[in-house]
Amino acid sequence: MHPFDIREALLAKHAQHVVLIHFPIALFLAGVAFDFLAYWTKRQSLAAAAYFNFLGAALSTIPVVITGILAWQWQLEGQKLKGILLQHLVLGSVSSVLLWLTWTIHEWTRRRQNGWLPAYRLPIEAVGAAVVALTGHLGGFLSGVNGPG
Amino acid sequence: MRRSVFTGGLLAALGMVAGMAGGSGSCTASAQQKPATADVKIDNFSFGPAELTVPVGTIVTWTNRDDIPHTVVSTDDPKVFKSKVLDTDEKFSFAFSKAGTYSYFCSIHPKMTGKVVVQ
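Protein chains in written order, with the numbering used here: chain A, 2 to 150; chain B, 21 to 139.
With the rest of the complex left out, here is chain A:
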């Protein structure tokens, strides 16, 4: 495959998942960093930055989940998963739920007049960051970034 062949790149059966996954990971981890800073500094602007990062992260999970399922169906023909593949699927699903949960907490707070962000969001975000990191670690193994060449 030529790296600048758009048609081949777009039609590669499972390459998109590996590319798209970087968006929710980056946006969510940046959002968590902004939100923790907002909590310590009490600055609303940082909380707003966190909110939009979480919104982008949550939205970008949609194509990621779709391409992940398509990779499973096309490349592995939907066969029963086990081992690292199953762990990656389960942790990826949990990660998506935690991303959406985090954004939902922020969204509920924004809709309320003078709403304060609840402190319990922080442990949820911390767990979310850990699960996202673990999912990405397994995904890195599966994609072969640790392999030669």
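These are computed hints drawn from the structure, not numbers from a lab. For glycine and all other residues, C-beta sits at the position ideal for the given N, C-alpha and C. A hint or two may mislead.
Covered stretches of chain B (chain A as the covering partner; in silico rule of three or more C-beta atoms under 8 Å from a C-beta of chain A) [said to hold, decoys possible]: (1) 87 to 101; (2) 120 to 130.
Pairs of lysine to aspartate or glutamate residues, derived as EDC-like cross-links and limited to a Cα-Cα distance of at most 16 Å, are as follows [stated by the list, open to error]: (3) B:61 <-> B:107; (4) B:111 <-> B:59; (5) A:83 <-> B:87; (6) A:81 <-> B:107; (7) B:111 <-> B:87; (8) B:131 <-> B:71; (9) B:118 <-> B:96; (10) B:135 <-> B:87; (11) B:99 <-> A:78; (12) B:61 <-> B:109; (13) B:135 <-> B:71; (14) B:131 <-> B:63; (15) A:83 <-> B:109; (16) B:61 <-> B:71; (17) B:61 <-> B:87; (18) A:83 <-> B:107; (19) B:135 <-> B:96; (20) B:104 <-> A:78; (21) B:61 <-> B:110; (22) B:111 <-> B:63; (23) A:83 <-> B:110; (24) B:102 <-> A:78.
Position chain B against the provided structure of chain A, taking the given hints into account.
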């Protein structure tokens, strides 16, 4: 004299029958000879050897020695062979009954490719 000739002839005939039976037995044994086998090791994101030449009828066995799952899938359309996902130490075997060149790859890591040449 005639009796001994008859007995001798009978024994000779029995010997021939026994010999034929033994001969047919040895034919059966040769037909049941184990087919040739060859092994391909999957390790460090590569098939080893990447290209394998074997005679017709050889059973090739792929063994995943890597820490992560791999597959062995023919590139031909329709697919000549296709393994399930192989975890560490799992094996997949295929008997090559026709001569030809069979290219294959790992569907999880398409950069991993190999070839079996059957002569």
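If you draw a straight line from the CA of residue 61 (chain B) to the CA of residue 107 (chain B), is it 16 Å or shorter? Roughly 13 Å separates the two Cα atoms, so the pair holds.
For residue 131 (chain B) and residue 63 (chain B), compute the direct alpha-carbon distance and say whether it is at most 16 Å. holds, 14 Å
Tell me if chain A covers the segment 120 to 130 of chain B under the three-residue, 8 Å CB rule, please? Our answer is that it holds, as 3 residues pass the Cβ test (under 8 Å) against chain A, meeting three.
With a cut-off of 16 Å on the C-alpha distance, tell me whether residue 135 (chain B) and residue 96 (chain B) pass. This hinted pair holds, its Cα atoms lying about 11 Å apart.
Is residue 131 (chain B) close enough to residue 71 (chain B), meaning Cα to Cα at most 16 Å? holds, 15 Å
Report holds or violated for chain A covering the segment 87 to 101 of chain B, Cβ cut-off 8 Å, minimum 3 residues. holds (count 4)
For a C-alpha distance cap of 16 Å, please report whether residue 61 (chain B) and residue 71 (chain B) respect it. holds, 12 Å
So if I understand the rule, the pair passes when the alpha-carbon distance is 16 Å or less; does residue 81 (chain A) with residue 107 (chain B) pass? holds, 12 Å
Quickly compare the C-alpha distance for residue 83 (chain A) and residue 110 (chain B) to 16 Å and report which way the hint goes. holds, 13 Å
Check whether the Cα positions of residue 111 (chain B) and residue 63 (chain B) lie no farther apart than 16 Å. holds, 13 Å
Holds or violated: are the alpha carbons of residue 102 (chain B) and residue 78 (chain A) at most 16 Å from each other? holds, 11 Å
Given pair status - residue 59 (chain B), residue 111 (chain B), alpha carbons within 16 Å: Holds, at roughly 10 Å.
When held up to the earlier numbered hints, the structure conflicts with hint 10 and nothing else.
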